[in-house]
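> Read off the chains here:
There are 4 protein chains.
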Amino acid sequence: MKNNLWPYSTPGIPDQLFIRGQIPMTKEEVRTVTLAKARPAPGQIIWDVGAGTGSLSVEAARLIADGTVFAVEKDPRGIALIQNNLRKFGLDNIVPVAGEAPAALTDLPAPHRVFIGGSGGRLAEILEQVMHRLRYDGRIVANAATLETAAGLAAPRPGWRCELVQLQVSRAVPAGKAHMWRALNPVCIITLVRERE
Amino acid sequence: MKNNLWPYSTPGIPDQLFIRGQIPMTKEEVRTVTLAKARPAPGQIIWDVGAGTGSLSVEAARLIADGTVFAVEKDPRGIALIQNNLRKFGLDNIVPVAGEAPAALTDLPAPHRVFIGGSGGRLAEILEQVMHRLRYDGRIVANAATLETAAGLAAPRPGWRCELVQLQVSRAVPAGKAHMWRALNPVCIITLVRERE
Amino acid sequence: MKNNLWPYSTPGIPDQLFIRGQIPMTKEEVRTVTLAKARPAPGQIIWDVGAGTGSLSVEAARLIADGTVFAVEKDPRGIALIQNNLRKFGLDNIVPVAGEAPAALTDLPAPHRVFIGGSGGRLAEILEQVMHRLRYDGRIVANAATLETAAGLAAPRPGWRCELVQLQVSRAVPAGKAHMWRALNPVCIITLVRERE
Amino acid sequence: MKNNLWPYSTPGIPDQLFIRGQIPMTKEEVRTVTLAKARPAPGQIIWDVGAGTGSLSVEAARLIADGTVFAVEKDPRGIALIQNNLRKFGLDNIVPVAGEAPAALTDLPAPHRVFIGGSGGRLAEILEQVMHRLRYDGRIVANAATLETAAGLAAPRPGWRCELVQLQVSRAVPAGKAHMWRALNPVCIITLVRERE
Chain D
838 MKNNLWPYST PGIPDQLFIR GQIPMTKEEV RTVTLAKARP APGQIIWDVG AGTGSLSVEA
898 ARLIADGTVF AVEKDPRGIA LIQNNLRKFG LDNIVPVAGE APAALTDLPA PHRVFIGGSG
958 GRLAEILEQV MHRLRYDGRI VANAATLETA AGLAAPRPGW RCELVQLQVS RAVPAGKAHM
1018 WRALNPVCII TLVRERE
Chain P
838 MKNNLWPYST PGIPDQLFIR GQIPMTKEEV RTVTLAKARP APGQIIWDVG AGTGSLSVEA
898 ARLIADGTVF AVEKDPRGIA LIQNNLRKFG LDNIVPVAGE APAALTDLPA PHRVFIGGSG
958 GRLAEILEQV MHRLRYDGRI VANAATLETA AGLAAPRPGW RCELVQLQVS RAVPAGKAHM
1018 WRALNPVCII TLVRERE
Chain E
838 MKNNLWPYST PGIPDQLFIR GQIPMTKEEV RTVTLAKARP APGQIIWDVG AGTGSLSVEA
898 ARLIADGTVF AVEKDPRGIA LIQNNLRKFG LDNIVPVAGE APAALTDLPA PHRVFIGGSG
958 GRLAEILEQV MHRLRYDGRI VANAATLETA AGLAAPRPGW RCELVQLQVS RAVPAGKAHM
1018 WRALNPVCII TLVRERE
Chain H
838 MKNNLWPYST PGIPDQLFIR GQIPMTKEEV RTVTLAKARP APGQIIWDVG AGTGSLSVEA
898 ARLIADGTVF AVEKDPRGIA LIQNNLRKFG LDNIVPVAGE APAALTDLPA PHRVFIGGSG
958 GRLAEILEQV MHRLRYDGRI VANAATLETA AGLAAPRPGW RCELVQLQVS RAVPAGKAHM
1018 WRALNPVCII TLVRERE
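Residue numbers (my numbering), protein chains in the order written: chain D, 838 to 1034; chain P, 838 to 1034; chain E, 838 to 1034; chain H, 838 to 1034.
Be a bit skeptical, because a hint or two may be false.
Because identical chains share one entry, a pair is satisfied inside a single copy or across any pair of copies.
Straight-line alpha carbon distances no greater than 30 Å define the calculated DSS-like cross-link-like pairs of lysine-lysine that follow [claimed, not checked]: (1) K1014 to K864; (2) K864 to K911; (3) K1014 to K911; (4) K911 to K925.
By construction, these hints were calculated from the structure, which means they are not laboratory data.
Given these sequences and hints, build the entire structure.
So this is what it looks like as structure tokens:
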């Protein structure tokens, strides 16, 4: 599944290697931690809901061998970017799914892992569907850029356990002989798993 | 190289799975990004300088197949922890090296990747040795918990390029029905690579 | 209102100048920004709900001349600390109010400014009472240490405008010749004001 | 010294109240903490080195009664902005000083407080001059946007004590019914005072 563009064992593909267009993209460091929280493994079915440019799908697809990533995106420009990116990285285990969640999720095979990157204001419905379909040992990992999405994802749900991490990344950019700090926007990474007896 | 304790494709082993003792340990999210910046690949020789509990060595060793991690640590308690952790995770490609850098590095094979977690106040000497021995396409990834270490690592070096990222992680811990934010200390992750013509 | 202990024109009294006991205290930098968001002025009536050690009350009282701070706190240890701190700083315009909000607020004069530092799980009731009693041009400034309190305070309320800021402070502490970063927990500062036509 | 534009007792004037032009401006929350660390008091002489738009000078001038702020700025556009801002806020105790530090500092009266906002790459010389001229109980407060400036300011200096704080502010901006986090760049606030016997 690995090609020459990224022959390494971890996620963390630099942002500029992706074809991006005008669509906002999860940044490298956030993508790396988001993927790690999902604990991908070979053979898994992964849903990437609100896949955007497909950057997370590309990173995930490289790590699951014969597994499959379903990259769900309602914006046709996103679907085009996903197709371009999967071609660029030589991946044949990403299936772009044009449509809006939760409706677009109905016919997909039950997932081991679900990423939620965007919810288009329908987070509650999406979450209900995702929690219903998730396999027993599954993990849901969501990125929240707003306070309200984070709070909605962290709301108590009987039988589910929630882990919440906020990541605040700053990158130093050259300014003469010095390095000036440039902050990326903080992101909450929320992981939902079923409680075990 | 993977065993049942962590059968997943990414780094990001939870902190509590490591045997820790009294030695400070790089936290999960910082470890994940640090590893990703190093871009590990099968067959690599990795030096983990100031390996501490060996948590980074363990994560790296899982990702390089028949490669080898040399975990250099001057504190005998650290060496014991490294041995316990490599056994716990069933890894046979970590070589604990008891001794102080840079002297302890002299006899090791030339590395593809070097982690610098601790320098015991000898950062300049260690860096000189590491830069001298690093293979052509190599990468050095250092964690700095102090302003001065970060500045020392980011100092301009002809022929080398430096990437600097600050990671500020906060974890939400349950407080009644709410989630209270607990900050981890900010860490600078500095990556050094040779400039290409 | 100023005495020799703090003869300066701004808030920002160092934490260690307060008598603290076992009660958690808002840290200097957060206190400074919280006070600034409240825009105190001479003659104001201020409520400090969940006053804790009284550190915010002390800083506010210094800045409002003949105004009065009502420091509401349910924990008797807190009331004792408030009394000790107002004595230490030589302030005669702080009235400690022993009791639990919102009940303890009923008999207080209508406020120009309200700080909400702690809500003891009764945020909604407290907020209702505070919004009802706040003078026309008033400002409510709350500190939230949990995701849920921040989301509760930021919920849309017709006729009210909300400003939300997250403050992440790290302090460098000496470590040999270097300075090691120590993070304070992130705090949300939420300001509520009435919308003007 | 206070006029109707800002009749409040604290700093924290919203950024948009200043006339700004193209020159970068310290943001409200950073300005507030910077001012508090300086501990202004009536009658002080303050130098604002690299005054930019004069926002810090304006906030300081309001808090020192018959004291004087010398706003030193090499960029003529900055000097024009400072003049416009002091007029807008009705302040008569700010003296714009057109010129480059440290040369421009020579003829100014010895300061009780010094802000260093910009150094134009001459930090060491400026600092030498400032430390030489600072009154016995004086305080120097510098903002550093780069790693190197922070490290330079925090370097050990016999007879001086240094306090270092990093401030990472994120503001929530409305996004539909939600609040999206927007990070400001992290800033180090360094305070230098003489050690007392």
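> If the cut is 30 Å between Cα atoms, do K1014 and K864 qualify within a copy, between copies, both or neither?
both (26 Å within a copy, 24 Å between copies)
> Within, between, both or neither: how does the pair K864, K911 come out at a Cα-Cα threshold of 30 Å?
Classified as within; 21 Å inside a copy, 36 Å across copies.
> Within, between, both or neither: how does the pair K1014, K911 come out at a Cα-Cα threshold of 30 Å?
For K1014 and K911, only the inter-copy Cα distance (21 Å) is at most 30 Å; the intra-copy one is 44 Å.
> Classify it for me, K911 with K925: is the Cα-Cα distance of at most 30 Å met within a copy, between copies, both or neither?
For K911 and K925, the Cα distance is within 30 Å only inside one copy (21 Å; across copies 45 Å).
In the structure shown, no violation is registered for any of the earlier numbered hints.
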